[in-house]
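Spelled out, the chains give:
Number of protein chains: 2
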Amino acid sequence: MPNLKNDRFLRALLRQPVDVTPVWMMRQAGRYLPEYRASRAQAGSFLDLCQNPDLACEVTLQPLERFPLDAAILFSDILTIPDAMGLGLYFSEGEGPRFRNPVRDERGIKALGVPDPEQDLGYVMDAVRTIRRELDGRVPLIGFSGSPWTLATYMVEGAGSKNFSQIKGMMFDRPDLIEQLLGTVADAVTAYLNGQIAAGAQALMIFDTWGGVLSPGNYRKYSLAYMDRILKGLHRESEGQRVPVILFTKGGGDWLGDMARTGCDGLGVDWTTDLSDARRRVQDRVALQGNLDPCVLYASPKRIREEVQRVLASYGHGPGHVFNLGHGIHPGVNPDHALALVEAVHELSPQYHSATNLE
Amino acid sequence: MPNLKNDRFLRALLRQPVDVTPVWMMRQAGRYLPEYRASRAQAGSFLDLCQNPDLACEVTLQPLERFPLDAAILFSDILTIPDAMGLGLYFSEGEGPRFRNPVRDERGIKALGVPDPEQDLGYVMDAVRTIRRELDGRVPLIGFSGSPWTLATYMVEGAGSKNFSQIKGMMFDRPDLIEQLLGTVADAVTAYLNGQIAAGAQALMIFDTWGGVLSPGNYRKYSLAYMDRILKGLHRESEGQRVPVILFTKGGGDWLGDMARTGCDGLGVDWTTDLSDARRRVQDRVALQGNLDPCVLYASPKRIREEVQRVLASYGHGPGHVFNLGHGIHPGVNPDHALALVEAVHELSPQYHSATNLE
Numbered sequence: 001m002p003n004l005k006n007d008r009f010l011r012a013l014l015r016q017p018v019d020v021t022p023v024w025m026m027r028q029a030g031r032y033l034p035e036y037r038a039s040r041a042q043a044g045s046f047l048d049l050c051q052n053p054d055l056a057c058e059v060t061l062q063p064l065e066r067f068p069l070d071a072a073i074l075f076s077d078i079l080t081i082p083d084a085m086g087l088g089l090y091f092s093e094g095e096g097p098r099f100r101n102p103v104r105d106e107r108g109i110k111a112l113g114v115p116d117p118e119q120d121l122g123y124v125m126d127a128v129r130t131i132r133r134e135l136d137g138r139v140p141l142i143g144f145s146g147s148p149w150t151l152a153t154y155m156v157e158g159a160g161s162k163n164f165s166q167i168k169g170m171m172f173d174r175p176d177l178i179e180q181l182l183g184t185v186a187d188a189v190t191a192y193l194n195g196q197i198a199a200g201a202q203a204l205m206i207f208d209t210w211g212g213v214l215s216p217g218n219y220r221k222y223s224l225a226y227m228d229r230i231l232k233g234l235h236r237e238s239e240g241q242r243v244p245v246i247l248f249t250k251g252g253g254d255w256l257g258d259m260a261r262t263g264c265d266g267l268g269v270d271w272t273t274d275l276s277d278a279r280r281r282v283q284d285r286v287a288l289q290g291n292l293d294p295c296v297l298y299a300s301p302k303r304i305r306e307e308v309q310r311v312l313a314s315y316g317h318g319p320g321h322v323f324n325l326g327h328g329i330h331p332g333v334n335p336d337h338a339l340a341l342v343e344a345v346h347e348l349s350p351q352y353h354s355a356t357n358l359e
Numbered sequence: 360m361p362n363l364k365n366d367r368f369l370r371a372l373l374r375q376p377v378d379v380t381p382v383w384m385m386r387q388a389g390r391y392l393p394e395y396r397a398s399r400a401q402a403g404s405f406l407d408l409c410q411n412p413d414l415a416c417e418v419t420l421q422p423l424e425r426f427p428l429d430a431a432i433l434f435s436d437i438l439t440i441p442d443a444m445g446l447g448l449y450f451s452e453g454e455g456p457r458f459r460n461p462v463r464d465e466r467g468i469k470a471l472g473v474p475d476p477e478q479d480l481g482y483v484m485d486a487v488r489t490i491r492r493e494l495d496g497r498v499p500l501i502g503f504s505g506s507p508w509t510l511a512t513y514m515v516e517g518a519g520s521k522n523f524s525q526i527k528g529m530m531f532d533r534p535d536l537i538e539q540l541l542g543t544v545a546d547a548v549t550a551y552l553n554g555q556i557a558a559g560a561q562a563l564m565i566f567d568t569w570g571g572v573l574s575p576g577n578y579r580k581y582s583l584a585y586m587d588r589i590l591k592g593l594h595r596e597s598e599g600q601r602v603p604v605i606l607f608t609k610g611g612g613d614w615l616g617d618m619a620r621t622g623c624d625g626l627g628v629d630w631t632t633d634l635s636d637a638r639r640r641v642q643d644r645v646a647l648q649g650n651l652d653p654c655v656l657y658a659s660p661k662r663i664r665e666e667v668q669r670v671l672a673s674y675g676h677g678p679g680h681v682f683n684l685g686h687g688i689h690p691g692v693n694p695d696h697a698l699a700l701v702e703a704v705h706e707l708s709p710q711y712h713s714a715t716n717l718e
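So the sequence lines, in the order shown, correspond to chains A and B. So in this note's numbering, spot 81 of the first sequence is number 81, and the numbers just go up one at a time. To convert a position in the second sequence, counted from 1, into this note's numbering, add 359.
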C-alpha cells in the first residue's frame with residue numbers, strides 16, 4: 001500500500017497535532033454533484049450503484065476531485081447487512097428504503113444469520129479494495145456501518161418510520177426478542193466492519209441515525225451497549241496503524257459522556273449541541289467530529305465562512321477536531337458552497353493549531 | 360362560571376400540593392378513539408371538525424368520558440393562525456398540513472397582518488366558550504398555540520419538512536426577514552392566546568414542535584426569544600385565578616434551564632430527557648409535564664404500569680409534576696391502554712405527595 005500523503009484526518013481522530021483542521025462531509029458523494037447524478041443514471045438504480053464496485057469507487061472519488069477534502073468515505077448504504085440477511089432491500093422513488101421481508105416476530109428473528117463479508121457482501125469489500133487502490137494514498141478511506149439499533153429499526157418497521165411503533169412496541173413488550181435481534185445484528189456489523197478493515201478501510205464510522213428516539217435508559221441498553229460490543233470485537237490495528245472508530249448518534253448530544261467511555265476514538269456531534277459543550281462532556285477523552293448545520297450551505301459563501309469560523313471557535317484550540325456537517329449534505333446544495341466550506345476550514349483553522357496552543 | 364371541581368392540574372402547574380399527580384395526554388382527543396373517528400366522519404374533513412365549535416367541543420370531551428383525566432385541551436390545530444393570515448391551510452390525505460400560499464420572500468412577509476381573534480378566528484373562541492360551558496367545572500380547559508418558530512417553519516416551507524431547507528436558508532441568509540416574520544407571528548400568537556383566555560381557557564400550552572432542529576444559539580434567538588415575548592404579553596390572570604403557561608420544545612431537553620427562566624409556569628419534557636435530569640436543570644423553578652414515550656402504549660397494561668412507575672419515580676417526591684406523554688398519542692393505540700396509563704398514574708402517585716414528603 002502506498003504511504004498516506006495526507007494523514008490529518010487520522011491524526012486528528014487520535015488527538016495528535018495537525019497543521020489545519022481536517023474536513024470531510026457526510027454524504028459528500030451524492031446527489032448535489034452533477035457528476036454523481038450522471039454515474040447514478042449510468043448505474044440504473046441506487047442499489048445498482050452501491051453494488052458495482054467500479055462505479056461505487058468512481059462516485060467515492062468525485063468529491064475529492066472538486067474539493068481539497070481530508071478523507072474519502074466508502075460509497076454504500078447502511079442497509080446492505082439486512083439485505084444480505086435476506087430481507088430484500090429496495091428503494092421506491094421518493095420514499096426511501098424498504099424491505100420486502102421485514103422481521104416482525106420471534107420466528108423471523110431466530111431465522112436471521114450473520115452474513116459472511118466476503119461471501120455475502122463481496123461487492124462492498126471489492127469496493128473498499130478498488131477505492132483504496134485508486135485513492136493511491138491521497139487521503140484515508142473511511143468504512144462504515146449502521147448501528148445495530150438503527151439497522152434493527154428498519155428491519156422491524158420495514159421502512160423509514162415516524163413513530164417507530166413496531167420496534168418500540170416490541171422493545172417494551174418483548175425486550176428479550178429485541179435483545180436477540182440486536183445481538184445478531186451486532187455480530188453481523190462486527191464481521192462486516194472487520195471485513196472492511198481487512199479490505200483496506202483506514203477508519204470506521206458507525207451511524208446511529210435513530211438512537212436519539214430512545215429514552216436515556218433505553219439508549220444505553222438498546223443502542224450504546226451494542227455499539228460497545230462491536231468496538232470490543234473490532235481489529236483496531238491494520239497495516240501497522242490504529243484504525244480509529246467514530247460513533248455518531250444523531251440527537252445524542254446529551255449522551256456524549258457515556259459514548260466517550262466506550263473506547264471509541266471519536267464522536268460525531270450534530271448542530272443541536274455546541275462543540276464547546278460537547279468537549280466539556282467528553283473531557284477531551286475522544287476527538288469530536290462536526291457540527292455545521294447542513295442548511296448553512298444554502299446561505300451565501302460569506303455566511304458559510306462566518307458559520308465555519310463559529311464552529312472552529314466553539315471547539316477552540318488544540319487537537320482532536322474533525323470538521324464536518326452535523327448530518328449528510330442536502331441534495332439541493334450548490335457544489336460551490338461546499339467548496340466554500342472546505343476552503344474556509346483550511347484557511348481559518350491554522351490559528352487553532354499554532355505551536356503555542358498545543359496541549 | 361361554575362367552581363372547578365378538580366384543580367389538581369392547575370395546582371401542580373403552580374407547584375402547590377396535590378393528592379395525586381394529575382394526568383392528561385397530548386392529542387387525547389384523536390384518531391385512536393372510535394367515537395372521535397365517528398365525529399370526524401360526521402364533520403367531513405379535519406378542518407371542518409376544527410371549525411365547527413359544537414363538534415370541536417364534542418371531541419374535546421370524548422376522552423373525559425372514558426378516562427378520569429385531570430384536564431381537557433381545546434380541540435384545534437396549531438395552523439389556524441397562518442390560515443387566518445390568508446395562507447390557505449389544507450390537509451392532503453396522508454401527507455399532513457399544507458399551505459396554498461406559503462410565505463417565501465420579503466413581500467410576502469411584509470404583507471402579513473395580525474388576525475383579530477374574535478373576528479378572524481371566532482370559531483376557535485366559540486369552541487373555547489362552548490367547551491367551558493359543557494365542561495361545567497369538571498376539569499380545567501387548556502388552550503394552546505404553536506410557537507412562532509414552529510408556525511413560521513410551516514408558513515415558509517408550505518408543508519411539513521424533513522430538512523427545513525427553506526426556512527433555514529432564509530434564517531442564515533436573511534436573519535432580518537426571519538425576525539420580521541417571527542415578530543408578526545409572535546404578536547398574532549399573543550392576541551390569539553389572550554383571546555382564548557378571555558373566552559375561558561384556564562391554562563395555556565405553547566407547542567414548539569420544531570425548536571429542536573436549531574442549534575443552541577439559534578434556538579435562543581429564533582424560538583425561545585419569541586416565546587418569551589409572548590409570555591410577556593399574555594394576561595396571566597382570569598376569573599381571579601392565575602392562568603399558567605406551559606412551554607414545550609420537542610427535543611429541547613438541553614435547553615430546559617434557559618426555558619425555565621422565561622417566566623413560564625411549566626415545561627413539557629419529551630422522553631429523551633429523564634425527569635430527574637430535567638428537574639435538576641430547572642432547579643424546581645417551574646413545574647414539569649411529561650414524559651412517557653407514547654409507544655409504551657403499544658405494550659401490555661402491565662408494562663405500561665411499570666413505565667408509569669418509572670416516570671413517577673424519576674420525577675420523585677413533591678409538587679410540580681403533571682403526568683403526560685412526551686408527544687401526542689399515536690393513532691393506532693388501544694384506548695384500553697390509555698385507560699391503564701391514567702389509572703396507573705392515579706393509583707401509583709399518592710406516595711409522592713404524602714404529607715411528610717411535601718417540601
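It is worth saying that the hints were derived from the structure and are not from the lab. One thing to keep in mind: the hints can contain errors.
As the list claims (entries may be wrong) - DSS-like cross-link-like pairs, simulated, lysine-lysine; straight-line CA separation at most 27 Å: (1) K250(A) / K580(B); (2) K609(B) / K591(B); (3) K250(A) / K521(B); (4) K661(B) / K110(A); (5) K302(A) / K580(B); (6) K469(B) / K580(B); (7) K661(B) / K162(A).
Just so you know, these numbers come straight off a predicted model, no measurement behind them.
- Query: Broken hints, numbered, in rising order?
  - Reply: Per hint list: zero violations.
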